[in-house]
Structure formats: C-alpha cells, structure tokens
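Visitor: Listed here are the chains, written in short residue letters.
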Amino acid sequence: MDELLAEGLTLMAFGMGFVVVFLTLLIIVTMFMSWLVVRFEPAPVIKPVKAKTAPAQAASSDAQLTAVMTAAIHKYRSRRNGQ
Amino acid sequence: MDELLAEGLTLMAFGMGFVVVFLTLLIIVTMFMSWLVVRFEPAPVIKPVKAKTAPAQAASSDAQLTAVMTAAIHKYRSRRNGQ
Amino acid sequence: MDELLAEGLTLMAFGMGFVVVFLTLLIIVTMFMSWLVVRFEPAPVIKPVKAKTAPAQAASSDAQLTAVMTAAIHKYRSRRNGQ
Amino acid sequence: MDNLLEIWLASGAYNLKAGQLVMIIVGLFLLYLAIKKKFEPLLLLPIGFGGILANIPQAGLALSAVENAIYMGGPQFLTELSSLLGVASGAVTELTEAYRGAEPSLKSAATLLAQDAGYNHGMLYTFYSVTVASGAAPLIIFMGVGAMTDFGPLLANPRTLWLGAAAQFGIFATVLGAIGMTMLGIVDFSIQDAAAIGIIGGADGPTAIYVATVLAPHLLGAIAVSAYAYMALVPMVQPPIMRLLTTQRERQIKMSQLRPVSKTEKILFPVLLMMLVGMLLPDAAPLLGMFCFGNLMRECGVVDRLSDTAQNALINIVTIFLGLSIGSQLVASKFLDIQTLGIMVLGIVAFAIGTASGVIMAKIMNVLMGGNAINPLIGSAGVSAVPMAARVSNKLGLEANSQNFLLMHAMGPNVAGVIGSAIAAGVMIKFVG
Amino acid sequence: MDNLLEIWLASGAYNLKAGQLVMIIVGLFLLYLAIKKKFEPLLLLPIGFGGILANIPQAGLALSAVENAIYMGGPQFLTELSSLLGVASGAVTELTEAYRGAEPSLKSAATLLAQDAGYNHGMLYTFYSVTVASGAAPLIIFMGVGAMTDFGPLLANPRTLWLGAAAQFGIFATVLGAIGMTMLGIVDFSIQDAAAIGIIGGADGPTAIYVATVLAPHLLGAIAVSAYAYMALVPMVQPPIMRLLTTQRERQIKMSQLRPVSKTEKILFPVLLMMLVGMLLPDAAPLLGMFCFGNLMRECGVVDRLSDTAQNALINIVTIFLGLSIGSQLVASKFLDIQTLGIMVLGIVAFAIGTASGVIMAKIMNVLMGGNAINPLIGSAGVSAVPMAARVSNKLGLEANSQNFLLMHAMGPNVAGVIGSAIAAGVMIKFVG
Amino acid sequence: MDNLLEIWLASGAYNLKAGQLVMIIVGLFLLYLAIKKKFEPLLLLPIGFGGILANIPQAGLALSAVENAIYMGGPQFLTELSSLLGVASGAVTELTEAYRGAEPSLKSAATLLAQDAGYNHGMLYTFYSVTVASGAAPLIIFMGVGAMTDFGPLLANPRTLWLGAAAQFGIFATVLGAIGMTMLGIVDFSIQDAAAIGIIGGADGPTAIYVATVLAPHLLGAIAVSAYAYMALVPMVQPPIMRLLTTQRERQIKMSQLRPVSKTEKILFPVLLMMLVGMLLPDAAPLLGMFCFGNLMRECGVVDRLSDTAQNALINIVTIFLGLSIGSQLVASKFLDIQTLGIMVLGIVAFAIGTASGVIMAKIMNVLMGGNAINPLIGSAGVSAVPMAARVSNKLGLEANSQNFLLMHAMGPNVAGVIGSAIAAGVMIKFVG
Ligand code: NA
Ligand code: NA
Ligand code: NA
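Chains as they are written, first to last, in the numbering used here: chain G, 1 to 83; chain Z, 1 to 83; chain X, 1 to 83; chain R, 1 to 433; chain B, 1 to 433; chain Y, 1 to 433.
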C-alpha cells in the first residue's frame with residue numbers, strides 16, 4: 001500500500017516536472033524559431049499571412065462559390081444513389 | 001429426402017410465422033411510440049414537420065437555400081471540429 | 001559475374017522485345033476496335049459525343065448547372081493534385 | 001528462344017481452359033448488363049471485372065497461397081502438404097478439396113507451409129478474406145443503407161409493415177422450390193443452400209450476401225449475381241404480375257395523404273427496432289444492428305459528418321472491394337454448374353412469388369379493414385429492391401389514374417421489406433446455420 | 001412446437017441477465033446524452049449504440065471466438081480448452097478468466113481450437129481488434145485532430161504553453177486520488193489503472209483512449225465514457241471554479257492583440273515539436289508523431305487533398321468503428337463495478353483540479369511578469385477540451401466586460417493542453433507501462 | 001533522481017546513433033524538397049515524416065515485435081529466440097539478421113514468442129504490413145490513377161503507344177547499368193535488385209513500389225525516394241536531352257488535331273487492354289487489372305460515385321499510410337549504403353535514357369511513315385511521369401513556335417508510358433521474380 005503511494009507520489013513529481021520542463025523547452029525553441037523566421041524572412045511574413053487567411057476563411061467569392069457548388073452536387077448525388 | 005422436405009416445410013412455417021409475428025409486434029410498438037410522442041410532444045410536432053418536409057422535397061427554393069447553408073455550415077464545422 | 005551479365009542482357013532483349021510486341025498488338029487491337037465502333041455506331045458516334053456531355057448532365061437545366069459545377073470543381077481539384 | 005517459349009508456356013492464352021474462357025465471357029456479359037443495361041452497376045461492374053480477373057490463367061489472383069502452391073509448387077511441397085492434410089495421393093484436385101474442407105487450424109498450418117515455399121495469396125483472395133470472409137463488408141454496406149433510408153412513410157402508416165412481411169413469402173417458397181429441385185434429382189442442394197438461395201427473394205443485396213457467406217459460401221457468386229441482376233429486372237418482372245392480380249378499379253384507389261412524422265419518432269424507431277431484434281432474434285442482430293445504427297446516425301441530427309461518410313466514402317470503398325471479392329468467386333469450378341442454372345430459375349420465381357404475395361396481402365388487408373384504404377399496387381413494393389419496386393408501384397398507379405401518386409405510399413412497404421428480409425435471414429441462420 | 005420453444009429459449013428476452021439489462025439502459029442513457037444533450041455525440045452515439053449491441057444476450061457480438069465457444073460449445077470443446085489452458089475444472093467463468101489472462105501464443109492456439117469447433121469472433125470484437133487492440137484508431141484520430149488544429153494563437157504567444165502545462169496537474173492529482181481510494185479500501189486500482197484514470201483529466205479523448213489501451217484495457221469503457229462525458233460538461237464544471245479563483249478586476253483584463261504568425265513558423269512548429277519529443281520522450285512519439293504529421297499536412301499547403309481526407313473521410317470512418325469498439329467494452333462484468341463509480345468521481349475531480357491549476361498558473365505568471373499581460377480566465381483552457389474550454393473562457397470574459405474577446409487568446413493554452421496531456425501520457429507509459 | 005536518470009537513459013538524445021541522426025536529416029531534407037520545392041509532395045511529405053519517426057531512438061516505431069524484443073528484451077527471451085532461430089550466439093545483430101531471413105512459419109513463431117514477452121509491433125511496422133507487405137497499397141493507388149486517366153488522346157492516335165514502348169528502354173538499360181556497377185565491384189546488386197532499380201526509369205511511382213516490394217524489399221526506401229524525386233525533376237532533366245536530339249525544325253512540327261473519340265471506345269479500351277494482359281502476361285495482371293478497373297469505373301458513366309471515391313477518399317487514405325510505411329524503410333542499416341548512392345545515380349540515368357529513347361523513336365516513326373506526322377518532342381512524354389512529362393513537351397513546343405500546342409498530343413505517349421512500364425514490370429517479375 002505504502003509502496004503504491006510512493007509510486008504515485010513519484011509519478012506526480014516526475015511527471016509534472018517533466019511536463020513543465022518539456023513545455024518550457026518548447027517555449028524556448030519556439031521563440032528562437034520565431035525569432036529566426038522573423039529575422040530572415042522579414043518581407044514574406046506579410047505575404048503568407050494574406051495567402052493563408054484567404055483559403056482558410058473562405059472569404060473570397062471564389063471559395064464561397066465552391067462551397068455552394070459542393071453542397072449542391074453533394075445533395076444531388078446522395079439523393080440519386082441507391083447502392 | 002423426405003427429411004429435407006420436412007425441414008423445408010418447417011423452415012417455411014416457422015420462418016414465415018416469425019416474420020409476421022415480429023413485424024406485427026413492430027407495428028404495435030411503433031404505433032404506441034408514435035402515440036406517446038404525439039401525446040407528450042404536441043407543440044414540437046408542428047415545428048419539426050416544417051423542418052422535415054423542406055429537406056425531403058428539395059424541389060423548392062427552400063431546398064436550394066438549405067444546400068447553400070449546409071455547405072457553409074459544413075465548412076465551418078469541419079474546420080472547428082475537435083473530435 | 002558473367003552469368004549476371006548474361007541474365008541482364010537476356011532480360012533486356014526479351015523484356016524490351018516483349019514490351020514492343022505487346023504494345024504493337026495493343027495498337028492493332030485498339031485500331032480494330034475503333035474501326036468497328038466507328039463502323040457499327042455511325043450515327044451514335046456523333047450523338048454519343050453530344051450524349052456524352054448530355055447524359056453526364058441528366059437533361060434539366062438544373063442538372064446542367066450541376067455538371068458544369070462538377071467539371072469546374074473537378075478540374076480545379078485534379079489540377080492541384082498530382083499523386 | 002527458351003525465354004520466348006517460357007513466356008508462351010506461362011501465358012494466359014496457352015493455359016486458358018474452356019471453363020475459364022466461359023467465365024471470362026460471363027464476366028464480360030455482366031459488364032455489358034451493368035454498363036449498357038444499367039443493371040445495378042454499382043455492384044455488377046466490380047463483380048464482372050473481378051470475375052474476369054479471377055479467371056486469368058496462371059495469375060492466381062483469386063487463389064489462396066496454398067492453392068497457388070498446389071498448382072505451381074514442386075514435388076517436395078506437394079509431398080509435405082499431402083502428409084499434412086492426410087491425403088494419400090498428391091493429386092491436385094484431391095489436395096485442393098482436402099484443403100478447402102480442412103479445419104481452420106489445419107488451413108493455417110498449410111498456409112504457413114505454402115508461404116515457406118514462397119507462394120502468396122492472390123490479390124482478390126486477400127480482398128475476399130478482409131471483406132467477405134470476415135463478414136464485415138455486407139454489414140458496413142447495410143449501415144450505409146440504413147443511413148440512406150427514410151422511415152418517414154413507414155412511420156406514417158405502420159400497417160404497411162404487413163406488406164413487407166407478406167412479400168417475404170417469396171423467400172420461403174423458394175426454399176421449398178430448391179428442395180423440390182433436389183428431390184427431383186435435378187440438382188443437389190442442402191437445406192443451407194436452399195435457405196441461402198431463398199433469400200434472393202428478399203431483393204436485398206447485402207442481406208443476400210451476408211446469408212450466403214454464413215450458410216453457403218460456395219454459392220456466393222451465383223447468389224450475389226442472381227440477387228443483383230433480378231433486382232435490376234424488377235421493372236420488367238413485377239408489372240405483369242401486378243396487373244394480373246388487380247382490377248383496374250383497385251389500381252385506381254387513391255390513398256389518403258400521409259401524416260407528418262416528427263423527428264422524435266424517426267429517432268426512436270431505429271432504437272425500438274434494435275431492442276425488439278435483440279430481445280426476439282439475436283441472430284439478426286448484426287444485420288439489423290448495423291442498419292439501425294446507420295439510420296440513427298441519419299436521423300439524430302447530431303452526427304451529420306459520420307452519417308455523410310457512412311453514405312458516401314465508406315460505403316463506396318467497401319462496395320468496390322466487396323464487388324471485386326464476389327467476382328473472385330466466379331470461377332468455373334463453382335459457377336459452371338447446373339446449380340447456378342437452378343439458382344437463376346429459383347431467383348426469378350422468388351421475385352415473382354414475393355411480388356404476388358405482397359399484392360394479395362394488400363387486398364386481404366383491404367377486405368379485413370373493410371374499405372379502400374390501401375392500393376394493392378403498393379403491396380409489390382414489399383419485396384424491397386429499394387427504391388425501384390416503389391417506383392414500379394407509382395408507375396402502374398399513374399397508368400390507372402394520372403393523378404394517383406403512390407410513390408410515398410409505396411416507400412413504406414418498400415423499407416418494411418428490408419426489415420422483413422433481414423428478419424427472415426436471422427430465422428434461417430438460427431435454424432439451419 | 002419444438003421450433004417455437006427453441007426460438008424462445010435462444011431469444012434475447014429469455015436469456016437476458018440483470019447486468020445486461022442495466023448495461024442496455026446505460027447504452028440508452030448515453031444515446032440520450034448524445035442526441036438530446038449533445039454531449040460529444042460523435043463518440044458517445046457510437047459508444048452507446050455499441051454498448052446496446054454488446055449486451056444483446058446470445059448474440060455474442062462483443063465476444064471473441066473462444067468466449068463464444070465457451071458459452072455455446074459442447075463438452076468436448078470445453079475439455080480440450082481446459083487442458084490447453086491448464087484449468088482443472090471446466091467452469092465457464094474460470095475458463096473465461098484463464099483465457100483472458102493467457103499469453104498471446106496460448107490465446108492464438110485457443111482461437112484456432114474454437115474456430116475448429118465452428119465458432120467465430122463477434123462483429124464488435126473484430127472491430128475492436130482492428131481499431132483499438134492494434135492501437136491504430138486513436139492515433140489516426142489524433143492525426144486528424146492535428147490536421148484540424150491551428151497553432152497560430154500559440155505561436156503568437158508561446159508562454160501560454162505554461163498554462164497548458166499547469167492544467168495537467170489535474171492528471172497527476174487524480175492519480176493520487178485513485179491511489180487514495182485504493183488505500184481507503186473503496187476500490188482496488190493498480191498504479192497502471194490509476195495512471196490511466198488520471199489521464200481523463202487531460203480532457204483529450206484520443207489520448208485517454210490510447211493510454212487506457214496500453215495501461216488498463218479492462219477500464220477502457222469506463223475511462224472513454226467518463227472522458228467524453230466530462231468534456232461535454234466543461235461549460236458547467238469550469239465557470240464556478242473560474243469565478244471562485246478570480247476577481248472581477250482580473251476577469252476584465254484585456255489582452256493585447258496577437259501578432260500575425262507567418263506560414264513558415266506554422267510549418268516549422270510541428271517539425272520542431274516532433275524532434276523535441278523524439279529526443280526527450282520517445283514513448284510519446286506515436287501520439288505526438290501522428291498529431292504533428294497531421295498538423296504539418298495542414299500547414300505545409302502542398303498536400304491539401306491528404307489534409308482534407310485526414311480531417312474528414314478518414315477520421316469519420318475511424319470514429320465510427322472506434323466508437324462501436326469502445327461500446328463493445330460496456331459489458332456488465334467490466335462496467336457494473338464500484339470501480340466505474342470511482343472513475344466517474346475521479347474524472348470530475350480531475351477536470352476541476354486541472355481547471356483550477358490553469359487559472360492559478362495564469363495568476364502566478366501575471367505576478368512573475370509583473371503586469372496584467374494575461375487574463376486568468378484563459379488559464380482554464382489549458383485542460384484542452386478543444387474548443388469548448390476556450391469558448392468558456394471567452395464567455396466569462398464577455399460577462400465581465402462586453403468588449404473583452406478572449407477566444408483567440410484562449411486557443412493558445414487550449415492547444416497547449418493537447419500537447420501537455422500527450423506528454424503526460426508518454427511519461428506514464430514510460431514509468432508504469 | 002533515479003527516475004531522472006532513467007528518463008535520460010531512455011531518451012532519444014542519449015541513445016541517438018550517428019546513422020539515426022543522418023537519417024533524420026535525410027527525412028528533414030525530404031520534407032524540404034516536398035514543401036519548398038514541391039517535389040511530389042503527396043508522397044515525399046509522408047515518406048520524409050515517416051523517415052524521421054522511424055529513426056527516433058528507443059521508440060521502435062518501424063520495428064516488428066521481434067526486433068523490439070531483441071533490442072529491449074531480457075536474457076531469457078534472447079536465449080529462447082536464439083534456440084528458436086538456431087543461432088549460436090545471442091548477439092543482437094546476428095539474431096536480427098537470422099529473424100529477417102527466416103521463413104514465414106519461423107517468423108510467425110518468433111512473433112508469438114516476442115508477444116508473450118510483452119513486446120509489440122511498432123506503429124509504422126503495422127502500417128507497413130497492412131499496406132506494403134500485403135501488396136495492396138500500390139494496387140489501390142494504381143486503381144485511383146486509372147480512374148484519373150483519360151485515354152482519349154491515346155485512342156485518337158494509337159501509334160503513340162510505340163513512343164510509350166520505346167521510352168521503357170531506359171528501364172532495361174538501367175538494369176544493365178546496375179549489373180555493370182556490380183561487375184565493377186562498386187556495389188553488389190543481384191539480378192532482382194537490378195530489375196527493381198531499373199523500374200525507376202518507368203517514372204511511375206506505384207509500379208516502382210510494387211516491383212520493389214516483390215523483387216527487392218530491402219531497397220524499397222531508396223527506390224521509392226529515387227522514383228518520386230526524379231519524377232519531380234522531369235522538368236529539369238528532360239529539356240536539355242530533348243533539345244540535343246531535335247532540330248529547331250522538328251520542334252516546330254505542328255500535329256494535326258486529334259479526332260473526337262467516342263464514349264464506346266473509351267469504355268472498350270480498358271477491357272481490351274485487360275484481356276490482352278491476361279492472355280499474354282498474367283504477371284502484370286494485378287497492376288494493370290486494377291488500373292483498367294479504375295479506368296473502366298471512370299469511363300462507363302454508371303458508377304460515378306465509386307469512381308469519385310477511388311480518385312479521392314480512397315487514394316488519399318492509402319497514400320497517407322503508404323507514404324509513412326515507405327518512410328519506415330528509411331533506416332540507417334538499409335539506406336546509408338553505397339547501394340543507395342548507386343540507385344540515385346542509376347535512377348537519373350534511367351530517366352535520361354528513357355527520354356532519349358522516346359525522342360529517337362518519334363524521329364524513327366517520322367522517317368518510316370515518310371512525313372512530319374509526329375513532333376519528336378512528344379516522344380519524351382513516353383516515360384510517363386504523368387502529366388509532367390507531357391507539360392514539358394508542350395513547353396518546348398511553345399518555345400519553338402508559340403502556336404504549337406502539344407499538350408494533348410503528348411498525353412497519348414504519356415499514358416502509354418504507364419502501360420509500358422507496367423508491362424515491363426510484369427516481364428521482370430515473370431523472369432526474375
Ligand atoms: Na426484402
Ligand atoms: Na489536455
Ligand atoms: Na512509364
């Protein structure tokens with residue numbers, strides 16, 4: 001019984017410790033990476049952002065059209081299929 | 001040979017009998033369920049009906065609207081879904 | 001070693017030979033098939049061409065719209081996909 | 001020159017046997033039916049193509065590792081296999097039969113022996129093992145069918161379930177027919193075979209495949225082809241029978257409009273059906289369980305993405321491999337037999353009897369309920385063959401009276417027929433499985 | 001009449017045991033939660049339905065071939081199995097236990113024995129073997145989750161990773177809680193059980209399922225149900241705790257707008273995370289490897305069709321079968337136990353402690369960084385439960401100040417929580433696996 | 001502190017070997033090629049990521065249960081395994097080699113032994129078994145490719161099949177090259193290895209993977225990477241060769257517009273091709289059978305939902321797992337070898353020779369047919385690499401004359417090249433398999 005408790009306490013200490021250490025390292029690595037990227041890719045930062053938001057948001061009329069068309073076709077197909 | 005025939009006749013009698021009994025029970029259970037639903041969900045019956053007939057027919061402009069909305073919702077959902 | 005070379009040369013001779021023979025046969029068979037089709041489906045040749053675009057569409061203007069949209073989406077997708 | 005000779009001696013053309021040639025022609029005919037006649041192409045196209053592939057000589061695509069080793073293997077392998085299977089002579093046919101009839105543990109040992117000798121399962125055999133032998137494919141397809149099924153018309157008029165019950169008479173009459181054929185000495189069907197053949201009359205592909213897999217796997221090819229081909233023939237088979245059994249007056253009966261059905265009813269129905277199956281006939285639980293699960297996904301409204309996938313990507317993927325796998329059973333030794341002819345004849349009889357039973361049941365119900373509540377034309381839809389049988393009812397209704405739209409009314413017995421034949425399947429598996 | 005009797009003796013109703021009835025009611029209750037209460041329906045609906053199917057008497061859908069043979073088989077089979085497993089008596093329970101505890105090689109031999117006797121795996125057992133026992137399903141779902149995850153907010157403010165770390169305290173506190181329960185003699189959890197229960201506090205379904213599969217497969221049903229049910233309860237569990245631990249002033253803190261994050265950063269992040277996991281904790285590599293792969297497919301922009309499939313068809317297919325498979329574990333012998341009650345209690349405690357730890361960590365960070373940089377309300381999002389926990393943060397932020405939009409800020413700790421619990425999972429598998 | 005030490009001793013960083021580090025860098029480089037250079041990202045991205053995962057120390061993701069047990073297992077297991085495999089010493093490398101070379105039945109016994117000892121297959125090993133070792137994945141992908149292929153341009157001008165034949169000369173020349181390298185003592189390729197390497201020149205991914213799986217599984221990683229990388233390099237490799245072998249006048253040849261091809265022809269073509277393959281070269285039946293089946297689904301017009309699924313959900317799912325599985329073969333012991341360098345050199349040579357052969361064949365055909373019917377630029381498209389090689393032809397045509405659109409004309413030899421290399425694959429499997 002006491003052994004189980006000891007195991008549990010150890011698991012807590014090392015587990016929680018490892019999680020914190022790992023995520024701290026991840027913070028450091030991530031910040032360093034972002035710093036490098038921002039430093040060596042100063043101009044591209046703006047472009048990719050635009051490129052990214054457009055397809056992601058589906059804001060352009062092209063994307064909306066695609067969505068509408070997809071839906072229509074989808075419905076049409078799922079109705080006529082019998083298996 | 002006669003044994004095979006006997007087996008076949010038995011299978012027919014009990015098989016057909018069971019199918020009829022089962023589906024009769026299903027009719028009873030279903031009717032009872034519908035009665036309960038109609039009794040205890042008097043108001044909601046009307047709302048769902050509207051919602052139901054529209055997608056079923058798909059002929060009206062309502063259905064087209066549904067298609068468009070489905071697409072939009074779908075896209076929105078598939079992006080935000082966490083599993 | 002020499003055996004390996006002999007094997008390689010044989011593989012080349014027979015392999016390349018077989019590829020050429022096979023594809024030559026395929027040319028003959030294909031041309032014969034096309035000749036038959038054109039001969040025995042003289043009218044349908046023209047119709048199927050029309051019909052080919054049409055049946056995909058299912059006749060109504062709604063369906064035509066769907067076909068057009070399908071094509072557009074398809075093209076869009078197949079272009080961006082390489083596999 | 002040796003190489004040229006070798007390639008010729010190993011070619012398909014040199015090794016083609018008459019049976020294989022005939023089966024390839026059968027495969028081409030199925031492709032013709034699927035493409036040109038639009039006979040249930042989703043299944044018949046893969047079945048036909050699979051049948052062609054399975055009959056390519058020397059390719060062994062439909063054979064297990066052991067069978068491939070038997071046909072291609074050296075004397076040492078054959079000796080070892082003979083001693084393993086306890087076969088005196090090392091003759092190919094004897095070994096093949098002994099292997100096919102062996103217990104799973106022996107089969108497993110023989111497979112390792114063949115793999116040690118360097119032979120592998122053919123591609124179609126692998127597909128067959130994963131989809132059909134495991135029993136998974138027809139169940140997954142049935143789940144998709146459930147997700148495509150709207151029980152609304154049935155719920156609006158539950159008495160049409162009786163029509164779905166009556167039409168299953170075709171199944172059991174066909175069982176008797178198969179037994180009669182055996183008693184006349186024309187063919188030799190066991191009671192399991194007869195039951196599996198009867199289910200063709202259920203007019204429901206996945207159910208027929210599932211039952212054949214359990215009761216008579218050696219007839220799977222013929223049963224599946226027959227089931228799907230006749231389903232496609234419904235618009236030709238049913239109308240004369242329906243006209244024969246009904247009067248013009250009966251065909252003109254207009255049915256009262258169906259009441260609206262609430263979402264709650266649609267959600268509760270598959271759950272209730274599942275409970276009833278579980279309590280009364282556990283043998284039908286796999287089939288109807290997956291069917292009800294698919295339908296619940298459809299109706300509950302909270303898992304649309306799962307329902308969509310069950311109705312599209314998943315069912316399509318499984319259909320492709322199921323079709324090819326069934327095609328792999330179209331080998332001469334199994335298909336070119338008087339039995340297949342018998343199955344074809346019995347299949348059409350099953351459809352005809354099922355149709356007639358449904359129509360007659362509708363007339364009886366009209367008498368019992370003392371009125372004109374039911375147009376007998378919707379009785380034939382009880383065989384299932386969704387949605388074609390319902391469309392046939394509608395067409396004949398419109399013929400009799402151009403304002404008589406029966407489609408929605410016929411959808412009730414139509415989906416009832418799916419339930420009915422799954423129940424019949426469970427009964428058969430229970431009694432002769 | 002014999003047949004009628006036979007069908008009744010083999011029916012579900014006749015054979016229904018109390019435990020099965022209760023479990024069917026549990027299954028119905030899960031369906032109710034999924035459909036009516038919208039509790040994580042994508043998983044709870046298949047789990048509930050699978051639970052009902054698994055408890056249909058006589059159907060044996062959730063049983064292996066050996067278990068089916070034990071319940072249905074004749075005396076000869078039981079004798080052979082007893083001698084194989086080295087069990088003196090041929091009692092059903094003893095045989096079942098011996099089989100379940102047997103080594104893989106012995107299990108494999110027993111399976112062949114049962115198949116020779118004509119018994120097969122139930123449908124749900126097959127699904128379970130392929131999806132869960134192989135470990136594949138939770139990993140494939142995690143890949144899909146990765147493909148749905150946007151690390152943008154996290155990259156814009158990486159310090160929020162600490163919030164995701166702190167919230168994992170709930171996991172380890174729960175482990176201690178499970179041990180405490182055992183020491184009090186209420187239940188009997190091993191350290192493996194305790195670890196698997198703790199991970200419920202990670203508020204991340206696939207991670208919980210993966211850990212339970214590795215450490216405590218006999219608790220899988222209860223753990224999965226608990227994990228998904230409590231995730232759905234996040235909007236009820238978290239707010240009181242968050243209000244208790246924060247002042248009105250703290251809740252009104254407005255956070256500065258997040259900087260835009262470049263595509264390159266988003267592409268590099270999953271690769272870096274993967275490298276770090278590989279170098280420091282290989283036991284977390286399967287989970288986080290698939291997660292990072294999914295995210296890389298999403299962000300790289302050159303494999304959109306693969307990313308789409310991972311987010312839709314593939315994850316949906318796997319979810320259907322994973323849900324049914326988990327449902328197959330909802331059998332009375334495993335679920336109707338004081339342990340399940342313990343797991344339910346511990347699960348909610350885990351969520352509460354995780355929430356509190358996240359909020360407190362946010363307050364500590366504010367103090368350490370000497371300012372008002374972080375609204376403590378986003379700390380609770382560190383438990384994961386994406387995206388619900390983040391929405392809760394947003395809602396409470398808006399309550400305090402109608403212009404205080406915290407959603408994007410809370411998404412950082414929210415996805416950090418996913419990483420955090422996967423790391424915690426790796427540590428547990430490493431130490432007690 | 002013991003725990004800290006334990007975690008460090010089990011960490012990836014502590015256990016990282018030089019070979020693994022190099023392979024991880026190779027994996028990162030493949031990701032770079034896929035994402036930044038857009039080199040066939042659909043395959044190279046999963047391959048690269050799989051390669052990284054496979055080389056994480058201690059995780060054993062790419063290892064079988066037996067290999068994991070060999071590396072991690074205790075002395076008792078090693079003794080038992082040594083006696084099972086008949087290995088005198090219990091050295092790790094010797095055991096691993098003995099296991100890899102063992103017969104399937106012995107492997108199967110060793111696996112049970114390792115599972116009894118508590119070890120399991122790594123995730124990537126499982127993926128590899130299911131997708132690659134079964135042979136299924138490249139075939140399913142080829143079916144999808146068939147469903148994406150339009151044979152219209154080929155049918156309009158069937159003589160372009162000769163161009164697809166000629167370009168396969170690259171395959172066989174490369175076989176000789178591999179043999180030459182062996183004779184020079186640089187590397188040590190068997191005739192099977194040489195054949196598998198040669199097929200890279202077919203410029204067709206699934207075909208190369210299928211052949212490598214059958215003939216030289218230990219080279220799969222290098223062959224797949226080489227095949228896909230060079231396919232991506234087609235726009236750089238081909239133009240100089242094409243310019244060298246053609247005059248400006250030849251490049252300006254305008255080809256007459258292609259005749260319209262009827263639907264019937266498109267439907268009949270895959271069936272005829274299949275029959276011809278079956279009759280002449282059964283060894284090519286799996287590859288071309290699935291390809292023709294995919295194409296028939298596309299053209300027949302009655303199974304659009306199956307065709308859509310084959311082109312989308314199904315091929316995407318298989319691609320994800322195939323890519324990861326191939327990546328699992330990127331381990332130092334197999335990849336970091338002079339052989340890989342040899343494969344890389346031979347691969348580019350194969351492409352160059354294939355390109356040249358196609359162009360020269362086009363010129364010969366022009367001479368034989370006594371006219372200017374064929375622009376030699378379309379000859380290079382015969383290597384396949386669909387549709388990139390055809391686009392290269394078009395680009396060079398436009399360079400020579402801005403009104404000279406060759407794309408459609410080049411699609412004929414382009415798809416002919418797919419057939420040609422599948423036939424070449426069949427010949428190789430027949431003769432050296
Ligand atoms: Na039916
Ligand atoms: Na978490
Ligand atoms: Na090629």
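Hints may contain errors.
Unchecked claim - With a straight-line Cα cutoff of 27 Å, these simulated DSS-like cross-link-like pairs (lysine-lysine) come out:
hint, chain 1, residue 1, chain 2, residue 2
1, B, Lys263, Y, Lys37
2, Y, Lys395, Y, Lys37
3, B, Lys334, B, Lys38
4, R, Lys37, R, Lys395
5, Y, Lys254, Y, Lys395
6, R, Lys263, R, Lys38
7, R, Lys363, R, Lys254
8, Y, Lys334, B, Lys263
9, B, Lys395, B, Lys38
10, Y, Lys38, Y, Lys395
11, B, Lys37, R, Lys263
12, Y, Lys38, Y, Lys254
13, R, Lys107, Y, Lys107
14, B, Lys107, Y, Lys107
15, R, Lys107, R, Lys334
16, B, Lys37, B, Lys334
17, R, Lys263, B, Lys36
18, B, Lys254, B, Lys36
19, R, Lys254, R, Lys107
20, B, Lys254, B, Lys107
21, B, Lys107, R, Lys107
22, B, Lys38, R, Lys263
23, Y, Lys17, Y, Lys334
24, B, Lys395, B, Lys363
25, B, Lys363, B, Lys254
26, B, Lys263, Y, Lys36
27, R, Lys38, R, Lys334
Claimed, not checked - A few chain B residues facing chain Y, derived, Cβ under 10 Å:
hint, residue
28, Lys36
29, Met255
30, Leu258
31, Ala285
Don't read these hints as lab results, they were simulated from the structure. Even glycine gets a Cβ: it sits at the ideal position worked out from N, Cα and C.
Visitor: Starting from Lys263 (chain R), check that the Cα of Lys38 (chain R) is at most 27 Å away, please.
Guide: Violated: Lys263 (chain R) and Lys38 (chain R) sit about 35 Å apart, past 27 Å.
Visitor: Under the criterion that the straight-line Cα-Cα distance not exceed 27 Å, is the pair Lys107 (chain B), Lys107 (chain R) satisfied?
Guide: Between Lys107 (chain B) and Lys107 (chain R) the Cα gap is close to 18 Å, so the pair holds against 27 Å.
Visitor: Within a Cα-Cα threshold of 27 Å, do Lys395 (chain B) and Lys38 (chain B) meet the stated pairing?
Guide: This hinted pair holds, its Cα atoms lying about 19 Å apart.
Visitor: Verify the proposed pairing of Lys254 (chain R) with Lys107 (chain R), using a straight-line Cα cut of 27 Å.
Guide: 60 Å, violated
Visitor: For the pair supplied as a hint, Lys37 (chain R) and Lys395 (chain R), is the alpha-carbon distance within the 27 Å limit?
Guide: Distance of about 20 Å is within 27 Å: holds.
Visitor: Check whether the Cα positions of Lys37 (chain B) and Lys334 (chain B) lie no farther apart than 27 Å.
Guide: 26 Å, holds
Visitor: Grab the minimum C-beta distance from Leu258 (chain B) to chain Y and call the hint holds if it beats 10 Å, violated otherwise.
Guide: Check failed: Cβ of Leu258 (chain B) comes no nearer than 25 Å to chain Y, outside 10 Å.
Visitor: Are the Cα positions of Lys107 (chain R) and Lys107 (chain Y) separated by 27 Å at most?
Guide: 18 Å, holds
Visitor: Check the hint pairing Lys38 (chain B) with Lys263 (chain R) against an upper bound of 27 Å on the C-alpha distance.
Guide: Between Lys38 (chain B) and Lys263 (chain R) the Cα gap is close to 16 Å, so the pair holds against 27 Å.
Visitor: Is Lys17 (chain Y) close enough to Lys334 (chain Y), meaning Cα to Cα at most 27 Å?
Guide: 15 Å, holds
Visitor: CA of Lys107 (chain B) to CA of Lys107 (chain Y), is that 27 Å or under?
Guide: Holds - the C-alpha atoms of Lys107 (chain Y) and Lys107 (chain B) are around 18 Å apart, at most 27 Å.
Visitor: Sort out whether Lys395 (chain Y) lies within 27 Å of Lys38 (chain Y), counting only the CA atoms.
Guide: 19 Å, holds
Of the numbered hints stated above, those contradicted by the structure are hints 6, 8, 12, 18, 19, 20, 28, 29, 30, listed in ascending order.
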